[in-house]
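Peer 1: Take a look at the letters that make up each chain.
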Amino acid sequence: MRYAMVIDTLKCVGCSDCVVACQTENDVPIGYCRDWITETVNGAYPNIELELKSERCNHCENAPCVRCCPTGASHQLDNGIVLVTGDECIGCGACIESCPYDARFQHPDGYVDKCTFCHHRLEKGQLPACVSVCPTKCMYFGDLDNPNSEVSELLKNRKYKTLAPEAGTKPQVYYLI
Amino acid sequence: MQEELFTSGRNLPHIDPSLEIWHWPISLYLFLGGLAAGLLFFAGLITVLGKEKDYPAAVKYASIISPIALTLGLLALFYDLTHKFYFWRLYTTIRIESPMSWGAWVLLIITPISFLWVFSYYSEIFPKWQLKYENLNKFEKFLKGNRKNMAYALIPLSIILGVYTGILLSAFNARPLWNNAILGPLFLVSGLSTGAATIILLAKTQKEKHLFGKIDLALIVLELGLIVHMLMGMYAGSEVQLEAMQLLVGGEFTMMFFGFVIILGLIAPAILEFLELRGFKIPVAVPAILVLIGGMVLRFVMVEAGQITRYLY
Ligand code: SF4
Ligand code: SF4
Numbered sequence: 002m003r004y005a006m007v008i009d010t011l012k013c014v015g016c017s018d019c020v021v022a023c024q025t026e027n028d029v030p031i032g033y034c035r036d037w038i039t040e041t042v043n044g045a046y047p048n049i050e051l052e053l054k055s056e057r058c059n060h061c062e063n064a065p066c067v068r069c070c071p072t073g074a075s076h077q078l079d080n081g082i083v084l085v086t087g088d089e090c091i092g093c094g095a096c097i098e099s100c101p102y103d104a105r106f107q108h109p110d111g112y113v114d115k116c117t118f119c120h121h122r123l124e125k126g127q128l129p130a131c132v133s134v135c136p137t138k139c140m141y142f143g144d145l146d147n148p149n150s151e152v153s154e155l156l157k158n159r160k161y162k163t164l165a166p167e168a169g170t171k172p173q174v175y176y177l178i
Numbered sequence: 119m120q121e122e123l124f125t126s127g128r129n130l131p132h133i134d135p136s137l138e139i140w141h142w143p144i145s146l147y148l149f150l151g152g153l154a155a156g157l158l159f160f161a162g163l164i165t166v167l168g169k170e171k172d173y174p175a176a177v178k179y180a181s182i183i184s185p186i187a188l189t190l191g192l193l194a195l196f197y198d199l200t201h202k203f204y205f206w207r208l209y210t211t212i213r214i215e216s217p218m219s220w221g222a223w224v225l226l227i228i229t230p231i232s233f234l235w236v237f238s239y240y241s242e243i244f245p246k247w248q249l250k251y252e253n254l255n256k257f258e259k260f261l262k263g264n265r266k267n268m269a270y271a272l273i274p275l276s277i278i279l280g281v282y283t284g285i286l287l288s289a290f291n292a293r294p295l296w297n298n299a300i301l302g303p304l305f306l307v308s309g310l311s312t313g314a315a316t317i318i319l320l321a322k323t324q325k326e327k328h329l330f331g332k333i334d335l336a337l338i339v340l341e342l343g344l345i346v347h348m349l350m351g352m353y354a355g356s357e358v359q360l361e362a363m364q365l366l367v368g369g370e371f372t373m374m375f376f377g378f379v380i381i382l383g384l385i386a387p388a389i390l391e392f393l394e395l396r397g398f399k400i401p402v403a404v405p406a407i408l409v410l411i412g413g414m415v416l417r418f419v420m421v422e423a424g425q426i427t428r429y430l431y
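Line order of the protein sequences matches chains A and B. The first sequence begins at 2 in our numbering and counts up one residue at a time. The second sequence begins at 119 in our numbering and counts up one residue at a time.
Calculated from the structure, these hints are not laboratory results. From the three backbone atoms N, C-alpha and C, an ideal C-beta is built for every residue, glycine too. Incorrect hints may appear among the rest.
A few chain B residues facing chain A, derived, Cβ under 10 Å [stated by the list, open to error]:
#1 Leu195
#2 Thr210
#3 Gly221
#4 Ala222
Okay, the calculated bits of chain A under chain B, using three or more residues with CB under 8 Å as the criterion [to be verified]:
#5 67–76
#6 89–101
#7 106–112
#8 132–139
Restraint ranges, calculated between C-beta atoms of paired labels, are given here [to be verified]:
#9 Leu123/A x Glu215/B: 25 to 33 Å
#10 Ile426/B x Asp28/A: 29 to 37 Å
#11 Val339/B x Thr86/A: 43 to 51 Å
#12 Tyr353/B x Asp88/A: 22 to 30 Å
#13 Gly32/A x Ser356/B: 44 to 52 Å
#14 Asp88/A x Ile389/B: 50 to 58 Å
#15 Gly32/A x Met374/B: 28 to 36 Å
#16 Gly355/B x Lys171/A: 19 to 27 Å
#17 Gln127/A x Ile212/B: 43 to 51 Å
#18 Ser356/B x Tyr33/A: 27 to 35 Å
Looking at chain A on its own, in the form it has when it is part of the complex (with noise of 0.2 Å):
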């Protein structure tokens, strides 16, 4: 088993209703997220291309915080899903200063916080709240070790790309290009 987000960018919006959709399932502190748009200004005028993203934690193959981590909070489990377990977590920063992305960062109650691919939400068989909500169903989620699930077919099929990979830290959020 290893979950992995395949993102459409061509079909992306950026209407944030991700963002949303995971502030609200996970109780997100107010000005705070877990997820985040972004808007890239590609190319010069008047050859301009405008993308759009969907970003969130990578849940990295090989993950720095995972590493970093001197209590053994943050961990991965055997899907791949990184997490933090809050009450192990002493708030030192290691990790966020580890994450290539600023995926992560530190919950007002004092432990670090960042995406779980909904892991509670996986538990019961449904897909990440934001995955869930996207009008252009632009996002995709399931099991990169199954040849035949949708995302290992999306990326048999379509040029991806991932964020930073020159960080080399094997990023599980793939993006359709």
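Guided by the hints, dock chain B with the ligands onto chain A, whose structure is given.
Peer 2: Structure of chain B with the ligands alone, referenced to chain A:
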């Protein structure tokens, strides 16, 4: 031509500006940890060499500073934790891959030793205040007898502590300024140099001042070499490292880095110490204090500048 511009990132005041989550306590802690490492290393070394009589400041007076520095450093570290009352979680596990974890363990061992070390010199440092309890006197005698053993433990432990203050930062590949292998040795050498400077400040005899003046001079030259190495490594590095280097060379932190660390903190004291050793009348406190200030500013610059550098994608 290609232009890339972000028209919007995530405009979230609670997350993005506060990415600078390591504040002054961390820089202060790295400085104090390095200083204590330097002091304990020299105390251990002089004792192992059997030269305690000749260099009393190194083994006795300066070693009062190390438990104080370690305690203040730990308090600063604790102050910067945001989930403070779970700090004991550090000690329910050992995580080999996490520099912070083994740093926490080394501190747990070296801090008590630094207290015991000073206590073993109690009656020599405070001859006027006799201990009232017989057991304490016995304990002091026991420690005195075991000073050599403590010294053998202190040498490796203090080196680990000194290197760790640098590796703590260099283990983060997400912050390109920190992510270079020189930082561990650089912080160790800087820590030893601040330790030697403190001993110079407290030394009473010319002999001791001169020995540590020479040691400090050698360490400063080594430190300058390591800094050149670090900058050259970044200069020959990838885009993100080049951007990181620009913060130090021709950027926001240039004044602090070249002015306070390199010129005032290293080159100036090196020249002064050299002239003093050549027989010029220069109060040795001046270069020693400059070294201490330079060491402190180095930690502040590296911690603050490092957090600005990142991968842009
Ligand atoms: S994106 Fe950041 S927080 Fe998430 S697994 Fe990767 S390094 Fe860790
Ligand atoms: S802040 Fe918490 S989760 Fe992050 S490294 Fe420190 S203890 Fe681990």
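Peer 1: Next step is simple, just say for each hint if it's right about the structure.
Peer 2: Results of checking the hints against the structure:
1. Leu195: Leu195/B check passes; min Cβ-Cβ to chain A is 8 Å, inside 10 Å.
2. Thr210: holds (7 Å)
3. Gly221: At 8 Å from the nearest chain A Cβ, Gly221/B passes the 10 Å test, so the hint holds.
4. Ala222: holds (6 Å)
5. 67–76: Since three or more residues must qualify, the claim that chain B covers the segment 67–76 of chain A holds, with 7 doing so at under 8 Å.
6. 89–101: holds (count 12)
7. 106–112: holds (count 5)
8. 132–139: This one is violated; 0 residues, fewer than the three required, reach chain B with a Cβ under 8 Å.
9. Leu123/A x Glu215/B: 25 to 33 Å: Since the Cβ atoms of Leu123/A and Glu215/B sit about 27 Å apart, the hinted range of 25 to 33 Å holds.
10. Ile426/B x Asp28/A: 29 to 37 Å: holds (31 Å)
11. Val339/B x Thr86/A: 43 to 51 Å: holds (48 Å)
12. Tyr353/B x Asp88/A: 22 to 30 Å: Taking Cβ atoms as reference, Tyr353/B and Asp88/A lie about 45 Å apart, which means the hint is violated.
13. Gly32/A x Ser356/B: 44 to 52 Å: The hint (44 to 52 Å, Cβ to Cβ) is violated, given that Gly32/A and Ser356/B are roughly 34 Å apart.
14. Asp88/A x Ile389/B: 50 to 58 Å: Holds, at about 54 Å.
15. Gly32/A x Met374/B: 28 to 36 Å: holds (32 Å)
16. Gly355/B x Lys171/A: 19 to 27 Å: holds (22 Å)
17. Gln127/A x Ile212/B: 43 to 51 Å: Violated, since Gln127/A and Ile212/B (Cβ atoms, about 38 Å apart) do not stay within the stated range.
18. Ser356/B x Tyr33/A: 27 to 35 Å: holds (32 Å)
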